[in-house]
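Asker: Read off the chains here:
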Amino acid sequence: QKEVEQDPGPLSVPEGAIVSLNCTYSNSAFQYFMWYRQYSRKGPELLMYTYSSGNKEDGRFTAQVDKSSKYISLFIRDSQPSDSATYLCAMTEYNFNKFYFGSGTKLNVKP
Amino acid sequence: GAGVSQSPSNKVTEKGKDVELRCDPISGHTALYWYRQSLGQGLEFLIYFQGNSAPDKSGLPSDRFSAERTGGSVSTLTIQRTQQEDSAVYLCASSLARYEQYFGPGTRLTVT
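Going line by line, the protein sequences match chains A and B.
For the first sequence, position 37 (counting from the first letter as 1) is numbered 628 according to our numbering, and the numbering increases by one without interruption.
For the second sequence, position 91 (counting from the first letter as 1) is numbered 720 according to our numbering, and the numbering increases by one without interruption.
Treat each hint with caution, since some may be false.
[As the list claims (entries may be wrong)] Some chain A residues well away from chain B (every beta-carbon gap over 12 Å; in silico):
hint : residue
1    : Gln592
2    : Gln655
3    : Tyr662
4    : Asp669
5    : Gln671
6    : Asn699
[Claimed, not checked] Below, a list of computed lysine-lysine pairs in the BS3-like style, where the Cα atoms sit at most 27 Å apart:
hint : chain 1 : residue 1 : chain 2 : residue 2
7    : B       : Lys640    : A       : Lys658
8    : B       : Lys686    : A       : Lys633
9    : B       : Lys644    : A       : Lys689
10   : B       : Lys686    : A       : Lys593
It should be emphasised that the hints constitute simulated quantities derived from the structure, not laboratory data.
Every value quoted in this text rests on a predicted model; they were computed, and no experiment measured them.
Cβ coordinates follow ideal geometry from the N, Cα and C atoms, glycine included.
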């Protein structure tokens, strides 16, 4: 069983839709939870991070962590064509020695 | 300032040859990570350097893979006797040993 599971999609939505991206994990020691965005032929870039459980909002993006269910989510409001990319969840323990990534969900926002 | 750079951006090699991939991290970043990303797959951890500590090599898939980091800065990932299954994008990231990693653009390796 993989440490982190993520639906690869692809996910296709119309512009303006609310997008929900999710990951599940098995290691209860994970403390930091990140979402990265990766455009084609580029390296991933950090979108948001959350420490432990809770919600965090940044503009059109909201990250949620439910440690009791080992489930994290990223919501994108008013999605734009420029949001079209692959979204990777990542998580790590308190010492940042090793990061575990999901396989990525490819999102396409249609104009 | 400059971000993480990697070279070459693309590498095509014949099966059985050795390859070296280079990573220049952000100046001052103490932590450096190598990952492998195969088509449709997430990032597979390979190796982690932190300051002067011994590297965490637990992700290296075989003894054909090795990496070093000279002077706490530039890192080289070496793959000996390449196999077709080594074809992937190799990504390097650096950080201040926190949650935030800064990734380079990757080296796309194709083994023919």
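Asker: Hint by hint, note whether the structure agrees.
Answerer: These are the hints, each one checked on the structure:
no.	hint	verdict
1	Gln592	holds, 14 Å
2	Gln655	holds, 17 Å
3	Tyr662	holds, 17 Å
4	Asp669	holds, 26 Å
5	Gln671	holds, 23 Å
6	Asn699	holds, 15 Å
7	B:Lys640 x A:Lys658	violated, 41 Å
8	B:Lys686 x A:Lys633	holds, 25 Å
9	B:Lys644 x A:Lys689	violated, 30 Å
10	B:Lys686 x A:Lys593	holds, 19 Å
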